[in-house]
Amino acid sequence: MTATEDASADGEAPHASQLVRALFAPVDIASVVAFRAALGALLVIAVGRYFAHGWIHEYFEVPKYFFPYYGFEWVRPLPALWMHVVYAAMGLSAVGFATGAFFRASAVLFFATFSYAHFCDKTNYLNHYYLVILLAFLAIFLPLGDAFSVDALRRKRTRTTAPAWVLGVLRFQIGVVYVFGGLAKLESDWLVHAEPLSIWLRASTDVPMLGPLFATKGAAYAMSYAGAGFDLFVVPLLLVRRTRAVAYFAVVAFHLLTARLFQIGMFPWIMIASAPLFFSPSWPRGFLRTKSSAGRLTTTTELPPRGRRRGVVAALLVYGACQVAMPLRHWLYPGNLLWTEEGFRFAWNVMLVEKSGVCELTVRDPDSSRTWSPDGASYLTRYQQKMVATQPDMILQFAQIVANDFRTRGVVARPQVFATAVVTLNGRAPRNLVDPTVDLAPLHDGVAPKSWIVPLDPRASPL
Amino acid sequence: MQRRTFLLLAAAAVGAQLTTVACGENTPSRENNGPTLAFLAPSVFLASYRDLDGAAKTLATAASALRDAPTAATLATAQSAWREAMKAWRRTDAFAFGPVVTRSSQAGIDFWPANGATIESTLSGTSTLDDAGIAQLGGNVKGLAAVEYVLFDSTNGDASVLTALSGDAGLRRRTFTALIASALEKRTAELFNAWDAAGENFTKEITSAGSGSAAYGSQKAAVDDIVNYMIFAIESVVRARLAKPIGKESGGVAQPALEESPRSDASLDDMLATIAGVESVYVGSYGGATGPGVSALITARNVDLDTRVRAAIANAKAVLAAVTPPMRTALLGDKTALEAAYEGVNALKRLLATEVASILGSALQFGDNDGD
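Quick note, the sequences are listed as chains E and W, same order.
Heads up: the first sequence begins at 60 in our numbering, then just goes up one per residue.
Heads up: the second sequence begins at 3 in our numbering, then just goes up one per residue.
Chain E on its own, in the form it takes in the complex (with noise of 0.2 Å):
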């Protein structure tokens, strides 16, 4: 029975089966694979960083307390030797993520292990921890230890094509990132005044060759326009196979650029190896000098059962809609999403803010007046205070501790918490980012825009 045949059977619209067939229509596996490899390897190398640099410690023994999600507050850190055993488990299961050696259990468990880990504490959020979460997710449901992989060899079954929805879930995932991001820079502070990269350049003018450049606005200018619309064409630049090698050459001019001039991680290099999921899926074999099966394929695979398609359609449909939406959020909020935040996690706002802030907690009890402003260093570590300075809920959160702190030790019995958190965002003036006459302690987080965020003043540019 063909792929046609049995759409129609089951009674599902003409251009509906169309794109069920496209969808399950089998392409090389070869491409996914190869990236599963590149990431997993990425991955060892991140992991890996955690216990070079100490990470481990810094992050889950030094602070003595933890600002969770909103919704996740029930996620906490082990006690130390235990997160240790958990990064050592998250780096074997890295290593059998990249080997294809009991796939599907090394994705469940780089996933479970990397996310219980980067929910702990959101002071550690990164936009690429982010999308290394959402690859392992969906590395757990796809083929991608089915080939070029351990579990090929000790079954000695190889698969040669997977179905196309597999390689589209990956670019559309990575797209959105590009996209995304680029769609974030269609702001002022990026377009209009060259801000943050004017800042970060202007800082980098050691940099051999390209650094004097670097000193002037115009370059900040090009950079700012490049960086924007490579991140919007880049995607579309990568599809077409006429600009496929210029736009490769970008993608790694690009990331390399940025990893040398910023400290950001394996961003760049999850990107770099993301890249080629937008070639031909055949693209591996090239460098191997191996045969593509996938073509002799493509007309006459069936498709799976009615049932089976049905539930990936609408969990490709579902996880298609959280993805354009998460980002789209922070229209739901007033005012700047760069100065609120509200909005700004988990949405692709990738090199956006260069934010400095101070915050300072007052404590007062309202039965005898007295007042105490305690040292953030006694509740957090420098890293911690300098990212709740910036970010109104986790200057509420921190209130909440103080509060709590306060209660518990028994020298205020109905603490009242006022922030002081004085803020530069691309430049701009220092001002207020929270109203110090409000309260904090009584108020709860959530997902409501928050009220008592001093709006950023629109006549307020970069200076």
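Hints may be right or wrong, so weigh each one.
Pair ranges (Cβ atoms, derived) [to be verified]: (1) E:R518 <-> W:S82: 53 to 59 Å; (2) E:A111 <-> W:A161: 55 to 61 Å; (3) E:K276 <-> W:G290: 34 to 40 Å; (4) W:A134 <-> E:D426: 53 to 59 Å; (5) W:A216 <-> E:Y284: 55 to 61 Å.
By construction, these hints were calculated from the structure, which means they are not laboratory data.
Cβ atoms here follow ideal geometry from the backbone N, Cα and C, with glycine treated the same way.
Given the coordinates of chain E, assemble chain W onto it according to the supplied hints.
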């Protein structure tokens, strides 16, 4: 894509990148970090550690003289030497990165507070007092705070100190003082050696940042450390040395026990020395040498901000100087002046932590954590 084309393009991109890393000098621009690093590292940082070691040597010599001849004059000399050593140490607060961190020098030079009970217990004991014995003691009975403990007594006066040090009964105390002063000097000598070209030469790690430095992959990384440690230094004045003793963290009730140097009444001078160190780094001036400091980087971007930072530094010094010394009496009677000092120094911290850090892009990096 053809395999060859792909490889060529990828190699070209990597090659271009490596070329930017490997190539030689730039044409200097006003924003260039190089001149600032080239001046600050040898002329402020290294020179300050040289002076710290010199002051510690003077203190060790004075403590030996006091051991050999406990008189009012030798005591006064030792006290004066301690004050100079403490100021020299505090001036280095503004650049307490590099060796002082990796060698954990803070614990050996200035463990605070000293444990008076343990010191007295050691002095009344019978354990052998020599370099080996001192090396076995904990950090809270050595270092500047411990030397202050035995050389000063603001409550009972110098006569009381001298009495305790005099005669056969005071020999063990004098010996202990000389030994911990000598141990202190060893720590400062190690620190100086870590910065000195004849030693480990951390100075070069800064001057060669971005071009061979193992510590700093870029000049910006070195500037980030400098800016951040200036902020930390000011923050230590605001929080540890002002807010805590004046009662900011205790509901407005002054906490004299948290004053940093109450026995010598040097607390205000110590804070001024920290700010002087920050000023040296910012302005680019130390011991008669002048050159581009952080100010040069700010001026290239925003002259007005530079003016405001200089004014904030001057104000911070002025409000501290306006406190009637000693701090222990001000804590009980001149809280208005101390509150003004707190506000004035905190204003400097805010300015450095917001506008200065921002304009230099120093907020992007923090330690070795990844960003974005």
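> Honestly, do R518 of chain E and S82 of chain W meet the 53 to 59 Å range at C-beta?
Replying inline: Given a distance of about 57 Å, which is inside 53 to 59 Å, the answer is holds.
> Within 34 to 40 Å or not, the Cβ separation of K276 of chain E and G290 of chain W?
Replying inline: holds (38 Å)
> Taking the beta carbons of A216 of chain W and Y284 of chain E, is their distance inside 55 to 61 Å?
Replying inline: violated (37 Å)
>> Is 55 to 61 Å respected by the C-beta to C-beta distance linking A111 of chain E and A161 of chain W?
In response: holds (58 Å)
> Quick one: are A134 of chain W and D426 of chain E within 53 to 59 Å, going by C-beta?
Replying inline: holds (58 Å)
The structure shown violates just one earlier hint, number 5.
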